[in-house]
Amino acid sequence: MNTMLTRSIGSLLAGFASTVVLAAGNLGGAGDWNAPYAEKTEALAMKGDVTRGEAAFVICQGCHRVGALGRADGSYPRLAGQHATVLIKQLSDVRSGRRNNPKMLPFADHQSLSVQDIADIAAYLQVLPIPADQGQGDGKDLVHGGQLYAKDCASCHGLRGEGSAEKFYPRVSGQHYRYLQREARMIRDGGRRNTNPEMVEAIRNYSEADIEAVSDFMSRLPVEKAR
Amino acid sequence: MNALKGNPFTQCLRYALMTCLRTLNAILLPLALLMPSLALAADAKETVKTVCAACHGVDGNSTDPQYPKLAGMDQEYLMRQLKAFAAGKRRDETMAGIIAGIDPVDFSTLAAYYGKLKPAPGNVKDADLAAKGKVLYDDGNTESGVPACAGCHQPDGMGNARFPRLAGQHQVYVLKQLADYKSGRRATDPLMTTVGKRLTVDETKALAEYIAGL
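First to last, the protein sequences are chains U and C. For the first sequence, my numbering gives the first residue as -2, with consecutive numbering after it. For the second sequence, my numbering gives the first residue as 28, with consecutive numbering after it.
If we strip away everything but chain C, and leave its shape as in the complex, we get:
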């Protein structure tokens, strides 16, 4: 949050750094794939530092809102998502390139690492919109058959092994996931596909705003 509000110079520097890291990853990952011995030599902790952290942060609290915060998410859930990315059931251009470079035996260590980290709070920008989101989150929409999010994700958004933690997640990321469920691009859970299809765009915006403040 502070970084986002930093002076233009810091922002510029941060952006340049992130871009460099991403470009490096884009070059290094295929290289690592070409050299299996090298890829196997790197242990999971090394993977966090050299691969995951560039987007998700070392502390699991990504600063770029297009990448999800992973800190505090249930390990089983994270594990399932890694497998879904690897199997192509969850599609994302960035992750597709990255998952191919991670040894599946490291998935559980990575999931455990991020699951144990402390989640940072989100950033609500529009309190009125969040208030609308709260109604939908707690009560659903009886007209369109959208269930209350609280039913599965719990009233405080803490989630569990089956349903992911939502509390404090970036708005941009939540919106992207709901849109992907709606379009079928993300097909990791048939229930969420139904929910995604029933939500209006305005409803997803309100929900994302409320979830950021949980």
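Isolated chain U (complex conformation):
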């Protein structure tokens, strides 16, 4: 009886320990957010083909819309004009479980897309035009939003929201306000596990009003000048 109990407690503890290890692996320390793994590295090294990418993107446009313009209600982000590196990281992260996205997963898994498809789609999306018709906020708190952006965001996402292809920082200009707001909230609350911890730290203390203001500001960054 005692042995059984000890065994149960033992296996329980072992289970707990492995959960902790897994969780720690998922959360990651600084640098882990973009640690290399085979499939992502492979896709990044491939030469993407725009024409093939356009054909492969067909299964994405039911949600991300024709021209990858996304939806102003924030349900699906705009992908047009995003850096190929960012797209490859995010797409690879979704299908490898590093970023939770149950809605998208079946459309991005190994049955639906090859690694070459990912490289091609990213190449196609990167050169798509970004029309200046993205959804915006109510515009009531732009001064505050601008201050927050300059203080906490501009050093990585760029003064004009252009991001950095090299550093895997996404372009935020031209993105829909509702999407920026939703993701900022998710990042602040730890729901986006593949985020740079510096980003989580930067907005850790943001109130809802702060998130709304900075998202509104970002959604109004001029796209044409950024390109």
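It is possible that part of the hints are untrue.
[Claimed, not checked] Each computed DSBU-like pair below joins lysine-lysine, with the alpha-carbon atoms no more than 30 Å apart:
| id | chain 1 | residue 1 | chain 2 | residue 2 |
| --- | --- | --- | --- | --- |
| 1 | C | K161 | U | K100 |
| 2 | C | K203 | C | K159 |
| 3 | U | K100 | C | K209 |
| 4 | C | K224 | C | K116 |
| 5 | C | K72 | C | K203 |
| 6 | C | K203 | U | K100 |
| 7 | C | K224 | C | K161 |
| 8 | U | K100 | C | K224 |
Since the hints were made in silico from the structure, they are not lab data. In this text, all values refer to a predicted model and were calculated from it rather than measured experimentally.
Keeping the supplied structure of chain U fixed, place chain C upon it in accordance with the hints.
Below, chain C alone, put in the same frame as chain U:
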């Protein structure tokens, strides 16, 4: 459509004729299987007349809505479906019996034949329901993650080699396919399995009604 609206006598006659044809097929096909020389002798065109046409029509526009219109569908798509039926990846009691009697070398000729035919328009019975279907077809459902059908099947439902033509298809057939994707009975495309699982029954009804009018 006219046949459906014909007088009771014509309808009766049509029904009797179809039943006879189906029964004949049910008897003749196994017989043909028992006599390989006979089955091989029949060329693809003959197969259309003696086998396919009973359900899908000689012109590829079936009149019985449980059988799909094949006219104007992409040849590659039709070819893939024939292979899927033969391999048991797509299951249908009627087709299972029939596919066994068709020589696989004839698949491409059959697909080409039906692909080149002119599709007949469908028959929308409920305009309000079709209007609801249009919203879903064009925009999807962002809550449940149903993508817009238009994304793959194109806004006009014309389809292509990868995604089938939907325009003008029978409601009954479309509903059956969506239900089969949902249940896993049809497993020809993992994306459609996902879509099938995410659609509600009411949504599938609206979609089928809209698709009939495309």
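Each hint tested on the structure:
1. With a C-alpha separation of about 22 Å, the suggested pair C:K161 and U:K100 falls inside the 30 Å cut-off, and the hint holds.
2. Distance check on the hinted pair: C:K203 and C:K159 sit about 19 Å apart at the alpha-carbon level, within 30 Å; holds.
3. Proposed proximity of U:K100 and C:K209 is supported: the alpha carbons are some 16 Å apart, at most 30 Å.
4. Straight-line distance between C-alpha atoms of C:K224 and C:K116 comes to about 18 Å, which keeps the hinted pair within the 30 Å bound.
5. For the hint linking C:K72 to C:K203, the alpha-carbon distance of about 28 Å falls within 30 Å, and the restraint holds.
6. Taking the CA atoms of C:K203 and U:K100, the gap is near 24 Å; set against the 30 Å cutoff, the hint holds.
7. In summary, the hint linking C:K224 to C:K161 is supported, as the alpha carbons are separated by about 19 Å, within the 30 Å threshold.
8. Our distance criterion of 30 Å between C-alpha atoms is met by U:K100 and C:K224, whose separation comes to about 12 Å.
Comparing the model with each numbered hint stated earlier shows that all of them hold.
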